[in-house]
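Each of the two chains sits in its own frame; use the hints to bring them together as a complex.
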Amino acid sequence: MGELLGLPVQASAHAVEVDQLIVVVHWIMAILFVGWGAFFLYTLFRFRQSRNAKGDYVGVKSHTSSYLEIAVAVVEAVLLIGFAIPAWATRVNEFPSEGESTVVRVVAKQFEWHIQYPGPDGMFGRTTLDLITPTNAIGLDRSDPMAVDDLVTINQLNLPVDKPALVHLSTQDVIHSFGISSMRVKQDAIPGQEIPVWFIPTQTGDFEINCSQLCGLGHYRMRGFVTIQTEGEFRDWFQEEMAFQGAN
Amino acid sequence: MDNVTTVGHAHAHADHEHELPFWQRYVFSQDHKVIGIQYAITALLFLLLGFTLMMIMRWQLAYPSQPIPFIGGLFGDANAPGGIMLPEFYNQLGAMHGTIMVFLGVVPLAVGGFGNFVVPLQIGAPDMAFPRLNMASYWVYFVGGVVMLASFFAPGGAANSGWTSYVPLAVIATQGQTWWLIGMTCLITSSLLGAINFIVTMVQLRAPGLTWMRLPFFVWTQLVTAFLLLLAFPPLEAAAFLQLMDRLVGTSFFLPSGLVVSGQALEVSGGGSALLWQHLFWFLAHPEVYVLILPAMGIVAEIIANNTRKPLWGYRPMVYSVIFLGFMSFIVWAHHMFLTGMGTYISAFFQTTTMIISIPSVIILSALFISLYGGSIRFTTPMLFALGFLPMFGIGGLTGLPLAFAASDIHLHDTLYVIGHFHYVVAPGTIFALFAGIYYWFPKATGRKMNELLGKIHFWGSFIFMNGVFWPMLIQGLAGMNRRMYDGGIQYQHVQDVLQWNSVMSWSAWGLGLFQIFFIINFFRSIRNGEKTNNNPWEATTLEWQAPSPPPHGNFLSPPEVHRGPYEYSVPGAATDFTPQGQRS
Numbered sequence: 000m001g002e003l004l005g006l007p008v009q010a011s012a013h014a015v016e017v018d019q020l021i022v023v024v025h026w027i028m029a030i031l032f033v034g035w036g037a038f039f040l041y042t043l044f045r046f047r048q049s050r051n052a053k054g055d056y057v058g059v060k061s062h063t064s065s066y067l068e069i070a071v072a073v074v075e076a077v078l079l080i081g082f083a084i085p086a087w088a089t090r091v092n093e094f095p096s097e098g099e100s101t102v103v104r105v106v107a108k109q110f111e112w113h114i115q116y117p118g119p120d121g122m123f124g125r126t127t128l129d130l131i132t133p134t135n136a137i138g139l140d141r142s143d144p145m146a147v148d149d150l151v152t153i154n155q156l157n158l159p160v161d162k163p164a165l166v167h168l169s170t171q172d173v174i175h176s177f178g179i180s181s182m183r184v185k186q187d188a189i190p191g192q193e194i195p196v197w198f199i200p201t202q203t204g205d206f207e208i209n210c211s212q213l214c215g216l217g218h219y220r221m222r223g224f225v226t227i228q229t230e231g232e233f234r235d236w237f238q239e240e241m242a243f244q245g246a247n
Numbered sequence: 000m001d002n003v004t005t006v007g008h009a010h011a012h013a014d015h016e017h018e019l020p021f022w023q024r025y026v027f028s029q030d031h032k033v034i035g036i037q038y039a040i041t042a043l044l045f046l047l048l049g050f051t052l053m054m055i056m057r058w059q060l061a062y063p064s065q066p067i068p069f070i071g072g073l074f075g076d077a078n079a080p081g082g083i084m085l086p087e088f089y090n091q092l093g094a095m096h097g098t099i100m101v102f103l104g105v106v107p108l109a110v111g112g113f114g115n116f117v118v119p120l121q122i123g124a125p126d127m128a129f130p131r132l133n134m135a136s137y138w139v140y141f142v143g144g145v146v147m148l149a150s151f152f153a154p155g156g157a158a159n160s161g162w163t164s165y166v167p168l169a170v171i172a173t174q175g176q177t178w179w180l181i182g183m184t185c186l187i188t189s190s191l192l193g194a195i196n197f198i199v200t201m202v203q204l205r206a207p208g209l210t211w212m213r214l215p216f217f218v219w220t221q222l223v224t225a226f227l228l229l230l231a232f233p234p235l236e237a238a239a240f241l242q243l244m245d246r247l248v249g250t251s252f253f254l255p256s257g258l259v260v261s262g263q264a265l266e267v268s269g270g271g272s273a274l275l276w277q278h279l280f281w282f283l284a285h286p287e288v289y290v291l292i293l294p295a296m297g298i299v300a301e302i303i304a305n306n307t308r309k310p311l312w313g314y315r316p317m318v319y320s321v322i323f324l325g326f327m328s329f330i331v332w333a334h335h336m337f338l339t340g341m342g343t344y345i346s347a348f349f350q351t352t353t354m355i356i357s358i359p360s361v362i363i364l365s366a367l368f369i370s371l372y373g374g375s376i377r378f379t380t381p382m383l384f385a386l387g388f389l390p391m392f393g394i395g396g397l398t399g400l401p402l403a404f405a406a407s408d409i410h411l412h413d414t415l416y417v418i419g420h421f422h423y424v425v426a427p428g429t430i431f432a433l434f435a436g437i438y439y440w441f442p443k444a445t446g447r448k449m450n451e452l453l454g455k456i457h458f459w460g461s462f463i464f465m466n467g468v469f470w471p472m473l474i475q476g477l478a479g480m481n482r483r484m485y486d487g488g489i490q491y492q493h494v495q496d497v498l499q500w501n502s503v504m505s506w507s508a509w510g511l512g513l514f515q516i517f518f519i520i521n522f523f524r525s526i527r528n529g530e531k532t533n534n535n536p537w538e539a540t541t542l543e544w545q546a547p548s549p550p551p552h553g554n555f556l557s558p559p560e561v562h563r564g565p566y567e568y569s570v571p572g573a574a575t576d577f578t579p580q581g582q583r584s
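Just so you know, the protein sequences line up as chains A and B, in that order. Here the first sequence is numbered in numbering that gives the first Met the number 0, starting from 0 and rising by one per residue. Here the second sequence is numbered in numbering that gives the first Met the number 0, starting from 0 and rising by one per residue.
So here's chain B without its partners, still in its complex pose (with noise of 0.2 Å):
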């Protein structure tokens, strides 16, 4: 009787999906998979927004003080008097950079795209439980990204003060950003109304026989990242407003009493804490960086099992880790400010949690190295970008060890070993698994792959130049090469042995963005010719292959049930060497 229902309302879905505008299906769209699909490819175009931003900063990082060429007339006699970038433009072009790529390119690809794309399916739900509050999110998301790029053309362009915006200098910087707080804000609502949904959708719509344990990793790292962003945002959404108050209405926050500006006393009430700012800041930036890192394990987890045809090595704690990982990232924090001031116990606290943050995510790599072990590993295109995350994923994590302890960091501390430590594990890092879905999940957006070997050629490429814009780092930040130099650090003494890595890391960045080409070709491409597939091409065991592709409205023609674990491959006696979830036994 319920199916029936069920089924009859699934029906009516689809019914009523014809009878909707043009507008109401593809732009203001209520259906997960819209909202998806919107949410990945405004995510992608900030991706490469932020990344040519990056691509303009490495031309004055490897030429100091030589005209950009071929662009350099584009950004005006403010930004660059004869296409020479001014210190100015150059701090623009570094705070929007990392601005963009965590707050308006990854976590929305991540969370947004891929959590709202893959988790409903994956539970068997025919949507999101709010489909309305799905949209206001991805529309909030939008206004947000609008806002931010808009700040460019304000009165003194872009915020100016790093993507962290450290106060007292972001208070007394250019209206930029006021712009930067205003987007903040419209960015952090978006991403609660998304989480609630997505912890009400993983809670109440799964469909039946989808037990807690019979999940699949990527919808627990969801669930847990959902957490995450609907705790940890709030705080930097109140810091912002705290903020804006002090830029707009004169009230004293962050700025404490006594404060000379160019040689004038600041005209403020003072008595406020500049350290209070980075307190708010980093208690979200923290759980941030796991919100960042977790759905990409997801994805690589997901991955690893349908291409090695066997189970995840050691699914129970791999769970438990993810679970352990998001409490403990909450306690943390202050990590990122061993140096401003702080005593020995609130030091040995913070590193002892850090220390403690450091196993579960040992557990987790670990469990998706020995995953390979037994395997009949096939390299496809997905499978070549996942298993580029844990190498480089590696490196991200340990190099974040010598970081982690308050003595060691008094050496690395704000040099570019930082920058190195969180580009590997975002950029091949995460940025990898979310290409790895890209690859893996097209097919079931519409119903065609995208080619195997332009795909291949992506990889390598990325893979190599990725290194060759990373690697570097690490070494010129040992030498004390301090980040967030406009000049590339050529002034200092101490660093000259290290700044011909300047030039290698920029043509890096150039063939990086060059490689992106196949990707961007592919993608578009494959849309329209990419080769047609049926609804499982991956031979996957998850609900959301047992869906048509592209799935309807409503996604599963008859209401799935569930029978088993997510990843049972090459169980002995099968027929095949997948048992699909849903299938009856």
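Excised from the complex, chain A in its bound form (with noise of 0.2 Å):
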């Protein structure tokens, strides 16, 4: 059925478990509409008035559609209760720890996600409004001593694969989105909010962020790109990286 459905590739761990739920839903989906579907064809045909000139005043006598209805109750509860819940507590409630993690602040603005880690010391450097520049456009304060092994870039998320990314998400302007499709990601960025979002990628290759909130003309070119890399190709890219920032 994921396949039928044209499901994107699931290059998260919990890609499996959202698209689990979507396709178990659309099962039932399809069930329902196949079912209903038939019972409407066949009565159409039956009860046309060519073939049943007198309609009948009392119709379905059985109470078989109660029934149907409390199944689709108790379908729906299990749903709910066994897979939906659960899953989405995973999401927003078991975080992993920051030192198991890649930690990244992303930092959206009118139509550009900024990307900001830590470096070695595992600390974010100060950011503040009044530093705000073309060239620094999340205003990091270069002067505070754990900004200097910090790494910003542009539209580029690189990550190792197999270990949980932890993404502390704000925007400085308008309402976006952080999605990246094929890892079941999606978070709004709320003005005034830092949100965080977690998940593990577990295919290496490159991968889109894709804005997913209209957040104005250059919505639809609000594009980055995530690069899942392994442990020691991406500390080989933060180091290129790093240098590079270095030399300008």
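One or more hints might be untrue.
As the list claims (entries may be wrong) - Example chain A residues on the side facing chain B (calculated, C-beta under 8 Å, incomplete): (1) Arg-125; (2) Leu-128; (3) Pro-133; (4) Arg-183; (5) Ile-189.
Unchecked claim - Estimated spans, in silico, between C-beta atoms of each pair: (6) A:Ala-29 with B:Pro-80: 40 to 48 Å; (7) A:Leu-67 with B:Arg-24: 47 to 55 Å; (8) B:Asn-533 with A:Gln-19: 54 to 62 Å; (9) A:Leu-128 with B:Trp-138: 46 to 54 Å.
Hints in this document: simulated from the structure, not taken from any laboratory. Predicted, not measured: the structure shown is a model, and the values here were computed from it. From the three backbone atoms N, C-alpha and C, an ideal C-beta is built for every residue, glycine too.
Now the structure itself:
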């Protein structure tokens, strides 16, 4: 069913779980639709005026539909309690510890994704409104000791494979939505809030960040790139970028 | 004695009508039927306009950045230089398509149009309880519509932040947003005036003998709808005012501190909440979904009972379900907001309420399906549209399920799956029901029938092309294609396999437009040249068919009395296969 539905690649650990729910729900939808549809077409054919000249005052006497409705309610309850609520709870409650994760800040602004890595010290350098310039879009205070080893990239999020990624998501201006379709990640960035998102990339390769909330005239091109690398490749990339950033 | 005075009263009304000058009879009329028709025609024009905006957008989606053929030059250099649509203009069209379809098209047609015209007739009332309020309701709606239309000519064009007008985007948007807020305030005020009037009318002016459980199902749906409008709209009216203050006088109800726009710190006091707007908006806009769908269900129920020649199956459960839907619709709103950073408990609450609200919808839909069983089904044009409604609304309802679970919503939220879902509910759902209603009650309003052949061509063309427009949206959405993409998403790698559907949808939309011409011709032609009918051409049971066609001012020649339930078709032992509510035994 998953292939039939045309869901994108499952490039994160929890993608399977999300897809499972989507697939199960679509099975139920299909069964209900085909069942209703068959009944519908049969009655239209069987009870057309030319074949059935007089209507039946009473109509259906059985209580099958009540049982069906109860069945629908039960199935919905099972899906809700058995799948949906626990799946959601792991997304929003069971965050990995910072120590075992790749921690990044993602700052959305019209129409770019700015990504801040804390560097080897694991601490994000201070950012402030006053320091925002065209070349320092997130206003990073380079005089802050914790900022010295920070890396800031635009529209390029590199992450090591098979290691939890913990993203602290915020926005400078309007509401954006941080979507990585292939990883079944989507979280609105709400002004005035920093919202954590986590996932475990399971495939190396190139993926996309797609802004999923209308954020103005450039919404359609607010596209970022996610590159998932092996741990070693990631470390090399980070060094290179740091060197490049230092040189500038 | 009572009868005599009422008849005398109706007679006085009839005399009075002759004295009224044209502008009081047809323009500033206080007659519910004239107001209903005013509402219906204005709303139909807005539906056509809203659809036209979408047909223009669909060019850009199918053929990104190619000049719009034929009409591309009309939009000016600010919107479409060289006929090529700019993203700013695309966003205006998108926001206004949604606003016009929902607030100026479907609701005014379903409630203002059908509610006004049909409800007093179905309950045997001479008019609405407050005719002047009714007139005011239409004209405030009209002004709201004019403001919305005028906003296209504001500097920077019309509102461009989506029909949801999420903040802070809407607060920093161009002037069109101010017009949008003022227009919305008019539309909400109009709905409130109408809602109060409907409730009082339905409670107070029912004919003798018309007990609650003898009310036609359509009247029930209008009653619940009126309560939804009355209770859900004020929060949005308040919210619109707050947003207006944020835009005009520098308040920060919706703006948190520390906003930076285009590299410049925003000069506002801050301290507000961006999410507050969403809560206020969806507190209206979810009940609004039921405002869109309940009258449609009512229309479909009337037409199914009439064209199956048997009573509705499960009338009482349907009534209880519709009341329950009304209550529940107030506590599901945040399922539109799962991805705004919602924790487990709150999301569990809203997922649960959303599952619960699906049950009465299933009951109503099942009852309508089961009502067909054992009928003697006549495939008239209104019946075709009503039957088309059932599976289409079924798809709309079912596709709501994966969106109702927060976990599966992660993937589907803000994709075209959502667009496909709610369009199945309102386009081949509600709008089919509204077409059904137009074909069904047209003879009551004009004394003439619409042409059946043209009607059937209209139905089949619309049915096929509606699916051509909306089914591919579900496919694209599952692949992860986002909504509101100016270029149809061509840049994104993960949706390359489903891009080809863009042109299928666009050609379907234009085909759909083509088939509406059959309706337009049929509508205007039938007003003068349609087949003349008697007062009850469909051999229906409810009270409106007891009045002359078209009904005079004051509606009934003698005050109706009700002796039985609304759908006494094929009663065993009866002389005909329909026993009108007003007929003495």
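Using the nearest Cβ pair, does Pro-133 (chain A) come within less than 8 Å of chain B?
Constraint on Pro-133 (chain A) satisfied, holds at 6 Å.
Measuring from the C-beta of Leu-128 (chain A) to each C-beta in chain B, is the shortest one below 8 Å?
holds, 5 Å
Arg-125 (chain A) as chain B interface residue, shortest Cβ-Cβ below 8 Å:
violated, 14 Å
Using the nearest Cβ pair, does Ile-189 (chain A) come within less than 8 Å of chain B?
Interface hint status for Ile-189 (chain A): holds (6 Å vs cutoff 8 Å).
Has the hinted range 40 to 48 Å been met by the Cβ atoms of Ala-29 (chain A) and Pro-80 (chain B)?
Roughly 47 Å apart at Cβ, these two residues keep to the hinted range, so it holds.
Using Cβ atoms only, decide whether Arg-183 (chain A) comes closer than 8 Å to chain B, and label the hint accordingly.
holds, 5 Å
Please check whether Leu-67 (chain A) and Arg-24 (chain B) have a Cβ separation lying inside 47 to 55 Å.
With a Cβ separation near 52 Å, Leu-67 (chain A) and Arg-24 (chain B) satisfy 47 to 55 Å, so the hint holds.
Is it true that Asn-533 (chain B) and Gln-19 (chain A) lie within 54 to 62 Å of each other by Cβ?
Holds, since Asn-533 (chain B) and Gln-19 (chain A) (Cβ atoms, about 60 Å apart) stay within the stated range.
Look at the Cβ atoms of Leu-128 (chain A) and Trp-138 (chain B) and judge whether their distance stays inside 46 to 54 Å.
Given range 46 to 54 Å: holds, Cβ gap about 48 Å.
When the structure is compared with the earlier hints, a violation turns up for hint 1 alone.
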